[in-house]
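Here the protein sequences come in this chain order: A and B.
Mapping of the first sequence onto our numbering: position 123 corresponds to residue 123, and the numbering continues sequentially without gaps.
To convert a position in the second sequence, counted from 1, into our numbering, add 270.
Hints are computed from structural coordinates only; laboratory data are not their basis.
A portion of the hints provided could be inaccurate.
Examples of chain A residues lying across from chain B (beta carbon under 8 Å, computed) [stated by the list, open to error]:
no.	residue
1	Gln53
2	Ser64
3	His84
4	Leu180
5	Arg182
6	Glu183
7	Leu185
8	Val187
9	Gly208
10	Thr216
Facing chain A, a subset of chain B residues (Cβ under 8 Å, in silico) [as the list claims (entries may be wrong)]:
no.	residue
11	Met271
12	Thr274
13	Thr278
14	Pro279
15	Pro283
16	Ile292
17	Pro300
18	Thr321
19	Gln322
20	Gly323
21	Ala325
To spell it out: a stretch of chain A is covered by chain B in this simulated footprint if at least three of its residues, at any positions, have a beta carbon under 8 Å from a beta carbon of chain B; those stretches are [what the hints assert, rightly or not]:
no.	segment
22	21-35
23	95-102
24	113-120
25	243-257
In this text, all values refer to a predicted model and were calculated from it rather than measured experimentally.
Every residue gets a Cβ at the ideal spot worked out from N, C-alpha and C, and that includes glycine.
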Amino acid sequence: MSLLENPDPLVLYGTSFPSRLLLGTAQYPSPEVLRQAVEISGPSFLTVSLRRQAAGHNEIGGQSFWDLLSTLKIPFLPNTAGCHTPEEVWTTAQMAREVFETPWIKLELIGDDYTLQPDTLEMVGVAERLLQDGFKVLPYCTEDLVLCRRLVDIGCEAIMPWAAPIGTGRGALNPYALRLLRERLSVPMLIDAGIGRPSHACEVMEWGFDGVLLNTAVAKAADPIRLAGAFKKAIEAGREAFLGGTMTQRETAEASTPILGTPFWHQNPS
Amino acid sequence: MEITINQTPFKLPQGASIVEAIEAFGAEPPYAIALNLTFVHRQRYSETILTQGDALEIVQPVAGG
């Protein structure tokens, strides 16, 4: 869907995007599957990364990957995946800005290798440094309310809390905290990491989150292209449900068909 | 003088710049460079003179999540 056709675009740092889905480019069975997954899901961003170039041969990226990315004509969102210190983030972000020619950066600062949990203590400082240097920072963070508020306070115009650890596909592990976060902060919030099924994506969109960033859930599906399409529909459905307002849950049954005029009502002599 | 490029040792003449290191490595564009963990803008490659023990990182676009 183009921006002209979409009356409800995703707005990040003042820029409107036609889709609320952001798609990672890693782990697909083949470049052609990635291309078709992008085509069917129409994401607003493609996440990409940087790794060491190997002398003589470059199987994991390089020119062929660059050529594929160029044909897709989707904005890049470089990440700082694998960075464990603010200095590594700072240097990686600058290299990414030069290579991908974009100010957008997905700030990843890992604090624990086992869970890939973001370093919540160091993240705010490096986010502020990046913002001051002109980056449009999308920080991958936890659902901690105080951390997220600090990120907003220093100028992040959008944040990306996780649903669950990267690659687990478990869906929102802490619905209470995520819903509270949505209630307390008004900036755009994209759920990044931990989504496994379209129903997970739909659920967080129903809660009012503004978008979803996916990679493993699509790339590692049995049929990535079909799942890319399914996630697109789920995210759109969840957004529509949020805007429409879902009904309030009740504890007891209440007939939806009118009682008045029910045939045979009270006709039994007993 | 010996430096490392992506953790591989390379011998370069004294006074060599990043341009000579790129040629020795055979880097293929697109790429970006950090010297001793500090980003070096591409416009500064020729003026950045390397010294013994320097660690150069040459990175390229790859898939990411």
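Evaluated hints:
Because the closest C-beta pair between Gln53/A and chain B is about 4 Å apart, less than 8 Å, the hint holds. With a cut of 8 Å, the hint placing Ser64/A at the interface with chain B is violated, because the nearest CB-to-CB distance is about 10 Å. A cut of 8 Å between beta carbons decides the hint on His84/A: the least distance to chain B is about 12 Å, and the hint is violated. Of the supplied interface hints, the one on Leu180/A is violated, with its beta-carbon coming no nearer than about 26 Å to a beta-carbon of chain B, more than 8 Å.
The restraint placing Arg182/A at the interface with chain B is violated, with a minimum CB-CB distance near 23 Å, outside the 8 Å limit. Against a cut-off of 8 Å between C-beta atoms, the interface hint on Glu183/A is violated, since the closest Cβ of chain B lies about 28 Å away. Hint status for Leu185/A relative to chain B: violated, with the closest Cβ pair at about 24 Å, above 8 Å. The interface hint given for Val187/A is broken, as the beta carbon of that residue sits about 22 Å from the closest beta carbon of chain B, more than 8 Å.
At its closest, the beta carbon of Gly208/A sits 24 Å from a beta carbon of chain B; the interface hint therefore is violated under the 8 Å criterion. The interface hint given for Thr216/A is met, as the beta carbon of that residue sits about 7 Å from the closest beta carbon of chain B, less than 8 Å. Evaluation of the Met271/B hint against chain A yields a violated restraint, the C-beta minimum of about 18 Å exceeding 8 Å. About 11 Å separates the beta-carbon of Thr274/B from the nearest beta-carbon of chain A, more than 8 Å, and the hint is not met.
The interface hint given for Thr278/B is met, as the beta carbon of that residue sits about 7 Å from the closest beta carbon of chain A, less than 8 Å. Nearest Cβ of chain A to the Cβ of Pro279/B: about 12 Å, over the 8 Å cut. The hint is violated. With a cut of 8 Å, the hint placing Pro283/B at the interface with chain A is violated, because the nearest CB-to-CB distance is about 19 Å. At about 10 Å, the closest approach between the beta carbon of Ile292/B and any beta carbon in chain A exceeds 8 Å, and the interface hint on this residue is violated.
Of the supplied interface hints, the one on Pro300/B holds, with its beta-carbon coming within about 5 Å of a beta-carbon of chain A, less than 8 Å. Given hint, Thr321/B at the interface with chain A, is violated; its Cβ is 19 Å from that chain's nearest Cβ, farther than 8 Å. The restraint placing Gln322/B at the interface with chain A is violated, with a minimum CB-CB distance near 21 Å, outside the 8 Å limit. Nearest Cβ of chain A to the Cβ of Gly323/B: about 18 Å, over the 8 Å cut. The hint is violated.
Annotation: Ala325/B was flagged as interfacial toward chain A, and the flag is violated, the nearest CB pair being 12 Å apart, outside 8 Å. Interface restraint, the segment 21-35 of chain A with chain B: holds (6 residues with C-beta to C-beta distance below 8 Å; minimum three). Figure legend: the segment 95-102 of chain A, annotated as covered by chain B; annotation consistent (5 residues with Cβ-Cβ distances under 8 Å, at least 3 required). Look at the segment 113-120 of chain A against chain B: 0 of its residues bring a Cβ nearer than 8 Å to a Cβ of that chain, fewer than three, so the hint is violated.
For the segment 243-257 of chain A, the assignment as covered by chain B is violated, since 0 residues bring a beta-carbon within under 8 Å of that chain's beta-carbons and 3 are needed.
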